[in-house]
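2 protein chains.
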Amino acid sequence: MQKETPAELRQRIRAGQHTGHTSGYCAGYVQCNVAILPKAWANEFLQFCQLNPKPCPIVAMASSPGATKIPSIAPDFDIRTDVPRYRLWENGRLDKEVTDISSVWRDDLVTFLLGCSFSFEEALLADGLEIRNITEGVNVPMYDTNMTCQPAGRLHGNMVVSMRPFKPADAIRMIQICSRFPSVHGSPVHFGNPEDIGISNINKPDYGDAVSIRAGEVPVFTACGVTPQAAIMAAKPEFCITHSPGCMVVTDMSNSKLAIL
Amino acid sequence: MQKETPAELRQRIRAGQHTGHTSGYCAGYVQCNVAILPKAWANEFLQFCQLNPKPCPIVAMASSPGATKIPSIAPDFDIRTDVPRYRLWENGRLDKEVTDISSVWRDDLVTFLLGCSFSFEEALLADGLEIRNITEGVNVPMYDTNMTCQPAGRLHGNMVVSMRPFKPADAIRMIQICSRFPSVHGSPVHFGNPEDIGISNINKPDYGDAVSIRAGEVPVFTACGVTPQAAIMAAKPEFCITHSPGCMVVTDMSNSKLAIL
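Heads up: the sequence lines are chains A and B, in that order. Each residue of the first sequence is one higher than the one before, starting from 1 at the first, in the UniProt record's numbering. Each residue of the second sequence is one higher than the one before, starting from 1 at the first, in the UniProt record's numbering.
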């Protein structure tokens with residue numbers, strides 16, 4: 001069977017034929033988190049991302065309010081139709097999930113696409129490292145921390161981190177590999193004792209699923225794209241749109257192009 | 001006062017005016033460990049270094065047995081006079097320390113210069129990291145481990161490691177910086193639990209001095225240039241020469257030139 005290209009998958013998404021998650025689809029290509037905000041919030045969000053690049057790495061953004069195309073990630077991309085499943089939020093509360101936002105699109109909406117851990121996980125697997133959440137077939141465990149983000153206007157909050165356990169020698173290799181990918185969260189922010197960063201129970205993640213930590217392994221913590229979403233929800237904009245977790249924008253950019261060296 | 005150049009320091013060493021350690025001299029320039037072996041051992045040593053590049057990183061070697069010049073590290077360098085203090089070994093036992101080996105030089109001796117942690121410590125300090133053994137004014141703690149080196153002929157043994165404690169976020173940065181310097185031991189080989197690599201008491205180093213490990217810090221272990229010396233001594237060549245610990249070859253190469261990126 002011919003492998004599906006990102007353009008082919010986006011075409012199926014646009015036609016309403018693929019409305020689920022994108023994990024494992026179009027291996028080798030960058031997938032992105034989505035945040036769509038009214039213009040009145042966009043500058044603050046951009047500044048928040050600029051100040052907190054590890055949890056909020058911007059891969060691309062729309063060139064102006066209302067713009068629906070982002071040619072740098074794919075020539076045919078349309079933000080209104082090319083995400084499998086969206087979440088509509090009102091005043092910080094989830095209103096509903098939809099598979100097309102054409103009918104709610106507004107000329108003041110600004111689209112941001114943020115890097116996602118799928119890219120660096122692929123690089124780790126290619127190097128022969130085991131990623132526990134993939135081995136165990138669950139979502140990566142994510143935790144609220146006491147590490148404060150730099151605030152920007154109404155946007156503030158603590159960093160959310162994802163956790164993957166490794167033996168120390170593998171953790172050193174993981175740090176080297178992730179350092180090559182600053183636009184998908186970059187090097188880890190902590191390893192070892194979870195309490196050092198305000199995590200009281202490693203077996204009870206705040207988001208995602210718990211994974212096994214085996215004897216001789218240490219938990220390694222990476223800044224997580226849930227951070228900007230949590231900051232937005234806490235600030236309660238009157239309206240905003242995100243992707244539904246796991247249902248990402250699939251771009252034409254290859255993961256290897258994200259490597260800085 | 002004008003800063004002394006490597007050429008000026010070597011001139012003083014050659015004249016017998018500097019016979020002590022070289023730590024802190026000629027900041028910014030590469031210093032090297034010395035191993036001088038009879039030709040009958042040289043190929044095995046070269047192979048041992050090739051198989052174990054982290055503990056045994058060759059910066060330069062003499063072009064042939066008996067050669068006393070190594071122009072690639074300094075045009076005027078002479079191995080017989082330019083090390084502040086040498087150790088002469090017979091059958092694996094220390095015979096004596098001298099400050100000039102002209103009178104014992106032989107046409108079958110092959111000189112190897114190996115990278116030294118001074119280079120990466122300078123890069124760490126330049127980045128604002130604290131190095132505990134420097135802060136506490138003692139030699140770095142070094143430990144025998146259970147990590148086996150790849151054997152080469154008569155040369156075999158376990159890896160010796162040095163240890164520097166860091167907070168996890170600083171350890172991540174230290175891993176990034178040291179990864180740029182493969183010719184001075186490169187990235188660490190372990191962090192965290194010392195028993196994982198066969199170290200039973202972190203407060204009793206096998207070489208060097210103990211340092212404080214503060215709350216929230218983890219010990220980070222790097223392959224150490226004592227490894228090849230220990231392998232040589234265990235193999236008991238009838239004759240060999242090393243530098244006296246801390247009394248290194250000072251080269252004209254800048255530390256920054258060792259960075260691979």
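If you are wondering where the hints come from, they were derived from the structure by calculation, not from laboratory data. Among the clues, some could well be false.
If chains are identical, the list can't say which one is meant, so a pair holds when it fits in one copy or spans any two.
[As the list claims (entries may be wrong)] Straight-line alpha carbon distances no greater than 30 Å define the calculated DSSO-like cross-link-like pairs of lysine-lysine that follow:
{"#": "1", "residue 1": "K96", "residue 2": "K3"}
{"#": "2", "residue 1": "K204", "residue 2": "K39"}
{"#": "3", "residue 1": "K69", "residue 2": "K167"}
{"#": "4", "residue 1": "K39", "residue 2": "K167"}
{"#": "5", "residue 1": "K167", "residue 2": "K236"}
{"#": "6", "residue 1": "K204", "residue 2": "K257"}
{"#": "7", "residue 1": "K204", "residue 2": "K3"}
{"#": "8", "residue 1": "K3", "residue 2": "K236"}
{"#": "9", "residue 1": "K3", "residue 2": "K39"}
{"#": "10", "residue 1": "K257", "residue 2": "K96"}
{"#": "11", "residue 1": "K167", "residue 2": "K3"}
{"#": "12", "residue 1": "K69", "residue 2": "K3"}
{"#": "13", "residue 1": "K257", "residue 2": "K236"}
{"#": "14", "residue 1": "K236", "residue 2": "K39"}
{"#": "15", "residue 1": "K96", "residue 2": "K69"}
Hint-by-hint comparison with the structure:
1. K96 <-> K3: Intra 33 Å, inter 70 Å, cutoff 30 Å: neither.
2. K204 <-> K39: neither (37 Å within a copy, 62 Å between copies)
3. K69 <-> K167: For K69 and K167, neither the intra-copy (43 Å) nor the inter-copy (44 Å) Cα distance is at most 30 Å.
4. K39 <-> K167: neither (45 Å within a copy, 41 Å between copies)
5. K167 <-> K236: neither (40 Å within a copy, 36 Å between copies)
6. K204 <-> K257: neither (35 Å within a copy, 47 Å between copies)
7. K204 <-> K3: Neither: 37 Å inside a chain and 58 Å across chains, both beyond 30 Å.
8. K3 <-> K236: neither (41 Å within a copy, 60 Å between copies)
9. K3 <-> K39: neither (39 Å within a copy, 58 Å between copies)
10. K257 <-> K96: Intra 35 Å, inter 57 Å, cutoff 30 Å: neither.
11. K167 <-> K3: neither (34 Å within a copy, 45 Å between copies)
12. K69 <-> K3: The answer is within: 25 Å in one copy meets 30 Å, while 59 Å across copies does not.
13. K257 <-> K236: Answer is neither; intra-copy 35 Å and inter-copy 52 Å both fail.
14. K236 <-> K39: within (15 Å within a copy, 76 Å between copies)
15. K96 <-> K69: This pair counts as within: shortest intra-copy Cα distance 24 Å, inter-copy 77 Å.
Consistency note: the structure conflicts with the earlier hints numbered 1, 2, 3, 4, 5, 6, 7, 8, 9, 10, 11 and 13.
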